[in-house]
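Visitor: As they're listed, the protein sequences go chains A and B.
First residue of the first sequence: 12, per the working numbering; consecutive thereafter.
First residue of the second sequence: 51, per the working numbering; consecutive thereafter.
Calculated directly from the structure, the hints in this document are not laboratory data.
Treat the numbers as computed from the prediction; the structure is a model and nothing was measured.
The C-beta atom is built at its ideal place from N, Cα and C for all residues, glycine as well.
It is possible that part of the hints are untrue.
[Said to hold, decoys possible] So the derived label-pair ranges between C-beta atoms look like this: (1) A:ARG628 x B:LEU270: 41 to 51 Å; (2) A:ASP448 x B:ASN354: 42 to 52 Å; (3) B:GLN286 x A:GLU619: 33 to 43 Å.
[Stated by the list, open to error] Straight-line distance between alpha carbons at most 27 Å, and here's what the computed DSS-like set of lysine-lysine pairs gives: (4) A:LYS454 x A:LYS267; (5) B:LYS414 x A:LYS545; (6) B:LYS182 x A:LYS552.
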Amino acid sequence: MKTLKKIVLLIGLCLLQVVSHAAEMSVKWNDDNVSSILNKAKELMKGGELPPIETSLFRNIEINIEAGIVNKRVREIVFLPSFTEAHNNGTQYLNWDKATQGLVIKEAAVVLPDLSHRRMDPDNIRVRDNDVYNTFTNSKEVVIPLSGLANKSITVLEYEKRTKLSDLESIYGDLFYPVGFSQGVEQFQLSVTSDANFEFDWSNDHPDVDCQLQDHKLSCKAEKLKKYPYDNNMLWRDELPHIAIAKKSSWNAVVKHLKSAFNDSNHLSHEVREQAKKLVKGADTTMARIHKLHEFASRGIRYVSMSELGHRITPHSFSDVIENLFGDCKDKSALLVDLLKAIGVDAYPVLVATERRKPAKLKVPSSLYFDHMVVCFELIDKNYCLDPTDNNTHWQSTSSWVQGKVSLPLLEDAKPEVIPVDDYKWMLRYTTRSEFDELAAVKESVTKDYWGVYASAMRQGFNSLDEEAENEWLLKNYHENVSTLVTPVFTLKNVDKLTNYLSVSSTAEYEPYVSPNTSLNSTDYDSWLRSELKNAKVTTKYYGNWVDGVYVKSTAIYDLSKLWKVKRLPATLSFIDEFLTLRRETTFNKEGELQITTELWIKSHYVEQNEVEDFNRRIDILMNASQIHIEGDLISSKKG
Amino acid sequence: MLGFEQPCQVPSSPQFQDKLPVVTEDKDMNSVPSQKLEQQSPEIAQKIIYVRAPRRSWREFLLFLTTFSLYSMAWTFGRARDIRNATGNNFTPWLWVFAPLFGIFGAIAYQKLFDNLAKVEDEENTKRWKSKNALWLLFFVVLSIALGLDNVITIPFWVIFILLFALAFLFSTLHRRFNQWKLSDSSLSFYGKENGYAWYEWLVLLCTAPLFLFIIFEYLILPLRFINTPNYNHGQTVTNDAREFSLTIEGEGWYKVPSGTLNNETTKLEMYGPVDDSFIVIYAYDKDHSISSVTGSRYDELLNSYGNANCKERQVFTKNTKGVHSLMECYGRDWTGYYTIISAVVQQDSKIFELVGKITRKNKTKEDPVVDQIHSMASSFQPI
Numbered sequence: 012m013k014t015l016k017k018i019v020l021l022i023g024l025c026l027l028q029v030v031s032h033a034a035e036m037s038v039k040w041n042d043d044n045v046s047s048i049l050n051k052a053k054e055l056m057k058g059g060e061l062p063p064i065e066t067s068l069f070r071n072i073e074i075n076i077e078a079g080i081v082n083k084r085v086r087e088i089v090f091l092p093s094f095t096e097a098h099n100n101g102t103q104y105l106n107w108d109k110a111t112q113g114l115v116i117k118e119a120a121v122v123l124p125d126l127s128h129r130r131m132d133p134d135n136i137r138v139r140d141n142d143v144y145n146t147f148t149n150s151k152e153v154v155i156p157l158s159g160l161a162n163k164s165i166t167v168l169e170y171e172k173r174t175k176l177s178d179l180e181s182i183y184g185d186l187f188y189p190v191g192f193s194q195g196v197e198q199f200q201l202s203v204t205s206d207a208n209f210e211f212d213w214s215n216d217h218p219d220v221d222c223q224l225q226d227h228k229l230s231c232k233a234e235k236l237k238k239y240p241y242d243n244n245m246l247w248r249d250e251l252p253h254i255a256i257a258k259k260s261s262w263n264a265v266v267k268h269l270k271s272a273f274n275d276s277n278h279l280s281h282e283v284r285e286q287a288k289k290l291v292k293g294a295d296t297t298m299a300r301i302h303k304l305h306e307f308a309s310r311g312i313r314y315v316s317m318s319e320l321g322h323r324i325t326p327h328s329f330s331d332v333i334e335n336l337f338g339d340c341k342d343k344s345a346l347l348v349d350l351l352k353a354i355g356v357d358a359y360p361v362l363v364a365t366e367r368r369k370p371a372k373l374k375v376p377s378s379l380y381f382d383h384m385v386v387c388f389e390l391i392d393k394n395y396c397l398d399p400t401d402n403n404t405h406w407q408s409t410s411s412w413v414q415g416k417v418s419l420p421l422l423e424d425a426k427p428e429v430i431p432v433d434d435y436k437w438m439l440r441y442t443t444r445s446e447f448d449e450l451a452a453v454k455e456s457v458t459k460d461y462w463g464v465y466a467s468a469m470r471q472g473f474n475s476l477d478e479e480a481e482n483e484w485l486l487k488n489y490h491e492n493v494s495t496l497v498t499p500v501f502t503l504k505n506v507d508k509l510t511n512y513l514s515v516s517s518t519a520e521y522e523p524y525v526s527p528n529t530s531l532n533s534t535d536y537d538s539w540l541r542s543e544l545k546n547a548k549v550t551t552k553y554y555g556n557w558v559d560g561v562y563v564k565s566t567a568i569y570d571l572s573k574l575w576k577v578k579r580l581p582a583t584l585s586f587i588d589e590f591l592t593l594r595r596e597t598t599f600n601k602e603g604e605l606q607i608t609t610e611l612w613i614k615s616h617y618v619e620q621n622e623v624e625d626f627n628r629r630i631d632i633l634m635n636a637s638q639i640h641i642e643g644d645l646i647s648s649k650k651g
Numbered sequence: 051m052l053g054f055e056q057p058c059q060v061p062s063s064p065q066f067q068d069k070l071p072v073v074t075e076d077k078d079m080n081s082v083p084s085q086k087l088e089q090q091s092p093e094i095a096q097k098i099i100y101v102r103a104p105r106r107s108w109r110e111f112l113l114f115l116t117t118f119s120l121y122s123m124a125w126t127f128g129r130a131r132d133i134r135n136a137t138g139n140n141f142t143p144w145l146w147v148f149a150p151l152f153g154i155f156g157a158i159a160y161q162k163l164f165d166n167l168a169k170v171e172d173e174e175n176t177k178r179w180k181s182k183n184a185l186w187l188l189f190f191v192v193l194s195i196a197l198g199l200d201n202v203i204t205i206p207f208w209v210i211f212i213l214l215f216a217l218a219f220l221f222s223t224l225h226r227r228f229n230q231w232k233l234s235d236s237s238l239s240f241y242g243k244e245n246g247y248a249w250y251e252w253l254v255l256l257c258t259a260p261l262f263l264f265i266i267f268e269y270l271i272l273p274l275r276f277i278n279t280p281n282y283n284h285g286q287t288v289t290n291d292a293r294e295f296s297l298t299i300e301g302e303g304w305y306k307v308p309s310g311t312l313n314n315e316t317t318k319l320e321m322y323g324p325v326d327d328s329f330i331v332i333y334a335y336d337k338d339h340s341i342s343s344v345t346g347s348r349y350d351e352l353l354n355s356y357g358n359a360n361c362k363e364r365q366v367f368t369k370n371t372k373g374v375h376s377l378m379e380c381y382g383r384d385w386t387g388y389y390t391i392i393s394a395v396v397q398q399d400s401k402i403f404e405l406v407g408k409i410t411r412k413n414k415t416k417e418d419p420v421v422d423q424i425h426s427m428a429s430s431f432q433p434i
């Protein structure tokens, strides 16, 4: 009975907790007629001097931090000159953390060229969960479809978010991008005021935005801000200037706060030790033990996002994760840290900003930049970072999406740094053996070994396909890169195993391509190497970009069966610059076969925007040079 | 009756008229009368000594010169046979064919020839050289060695020409001495033409004279056009008017010649090298070409010209890493000697230039300064 009472009491407390934190979303028009922001929009429309392209005419953000409550009021007026912009941007989207924020939509309307206006219907508002990761938040997306939008209209939006600081698990902070990629801003205003109990840090790296701090009030303003050009594959958070505000703190304090939350769920209990002991059974070396623990954390624990209130930054307990066999990145990381510590490896959690490569852009100490967590440790003078959410990468390789990203180790005195990048991230070694007969019919066998994260990327791809789809993909890939003349037979190795390499082999038979007793004149590209070169090209136009390191070793063996005498050999290649090297040597091996060995090194590095053209030109040069040209004469025929 | 047609008398030159019987010019020199005489009666064989009719030295000189002294082999064979016929010595004339080829050893052979010549001269009290023998042999040895040096070092053609001229003159003087002996010995019967050339000599002259004149024109006369052309200095950078490429000169003695001098095709730059048969030519190609098409064409051309070419190709970035520099080195041998052809193709954007350097050497030395110079210039050849 006592137990039942306790359970009822506990449930009651939990409910109370949820109710007390639950905030609401409401739509509350300022008045029944015309709000001040709507009036301003009409005045702008009436003024007639509207820009020819989509433009934010007025962007105003006011933040007031008083008595432990943050009030954020946002007002925006956007001009959409044509149906294209109306179609693309006629719906407004807001992020909303239901558990910690109150959201009031004060105005959402359209002003038409005839100065009439139409408010949106509150019934049309939808809230959706589009963030499958929710690593340190539990935000939802509020969708506000504006009604009655037509060409040359103005959209108006005003909303307020109210956040109680005590509800937040992490230290308060916010980021503001004065201007983005889709529209310029005619008038930008940001003000942050706080009472004497709340001190904040701020930073601004937009050259055209002027910010002044006076008496607990930060005022930023700018006019006629031009939009930034957008590139595919760019990390926009590294490029867009922003204003950051956060509660006055230091990186050390941020680390301490996060570490404390991490440790709440994390201690080297008897249960952890027992679990670790069970998992590493049969593994003789530390490396083998690490492999087993990592395999359990990455493959044994399913990824499920669980950042509900109380677990925004605090991982679930070891017991919960083991019980459920699921968890998110921080849960899996906490579990792996525990297990590794249990076998004597001094592992520690590391926050990662997977969309950022430039630590210098993190000007204000805050955890708000980070969206991921991994586990790092040092072993025999080498640093390893394991991502337990990645179930395709061997522990000795750092997951592709983590490499080079901004990180914050949860260690004392830590500051934002970069997760080390492999000099040569994509590693591929392959041997192509071609047996020629007297009519140059070729039996080709290729064995490709993918290493490190390349193996994991291939594994990830293959694991998402069934056998038929796998074969289709391999065939398509062969046809696109090598030739459509044959249908090779493929064999895969180490696709399921969590190893550091994966092999793809293929065999194919090409029809004869010379007439009897004519000379051999063969020109082929080193197809797979050429494909890697093609992938290495930088595709950004307006910004610099990171080039992932590539190492490819191609060995092409031509078994001419003593039927063909080679007259002209392919050129020796020795293309070397600071980051690119392509070497090729031609020899005859012990069996008298012609062996062409080509090695490509592209070192991981950042290519500045003004160097992109040169870099791509050099890649083109190497692509052309990957041609293999052989001339030969028939010596004799086996058939007589 | 005698197994061969008895030589009949033909009109002789005024100089030798009425002096000696002469065999007909129609007879093959290889049908040696003395050999045939062995089949005659001993009386006749002892009385008639057949030797080649004396002929004016300048006619011999022409043969020596136009055949680049190769005629000296035939000439020595003939004179050895003359001496054998006159002295009854057991010379083997065909072995004497090789005497002109072997400098010092040849000199020993010629000394033997002189000794035997002295005997017949003494018999006829012909005024003979005596002390001049040594001088002749000395010149012969010196000239032979000097010409032989061409196999070791590359000697300018004009020097070779002077040496050949001197050698032809040397043999002509010896021929003159033979003439004197033949004219003073009344026991000799002559065969062959004493005035003019036999038909086969004409044939030789017709073949060699144009070749001789062509070589003289090509290697002695034509280069005179550039005698006042200033040489480039080592380290100097050369380019064309449009400043499309740069070439850094290696070594001394390179000089620019007008476009079209070395090649009929339109060229961007042509240069003669410091030694004969060494040159550099620069071509430009349009955007329809590529590095591989240019090097491929050059390789095919070499294959067509020389039948076989041992080529190695190497590709690197240009210095500014904006283009490709391809260096193809080909080695081989043709009738003129061991050739080295270096083709450097540079591509940057849509522009392609090719530098072709060539040198032919008499010997196959591993290191040659001019080959090194061409190699360095080809390696540093860059688009601007």
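Visitor: Is the hinted range of 33 to 43 Å satisfied by the C-beta distance from GLN286 (chain B) to GLU619 (chain A)?
Guide: 37 Å, holds
Visitor: Next pair to validate is LYS454 (chain A) with LYS267 (chain A); report whether the Cα-Cα distance is within 27 Å.
Guide: 63 Å, violated
Visitor: Is LYS182 (chain B) within 27 Å of LYS552 (chain A), Cα to Cα?
Guide: 90 Å, violated
Visitor: Has the given pair, LYS414 (chain B) with LYS545 (chain A), been kept, meaning a C-alpha gap of at most 27 Å?
Guide: 45 Å, violated
Visitor: Measuring from beta carbon to beta carbon, are ASP448 (chain A) and ASN354 (chain B) in 42 to 52 Å?
Guide: 29 Å Cβ-Cβ, so the 42 to 52 Å window is violated.
Visitor: Could one say that the CB atoms of ARG628 (chain A) and LEU270 (chain B) fall in the range 41 to 51 Å?
Guide: Between ARG628 (chain A) and LEU270 (chain B), where Cβ atoms are some 50 Å apart, the hint holds.
The structure shown violates the earlier hints numbered 2, 4, 5 and 6.
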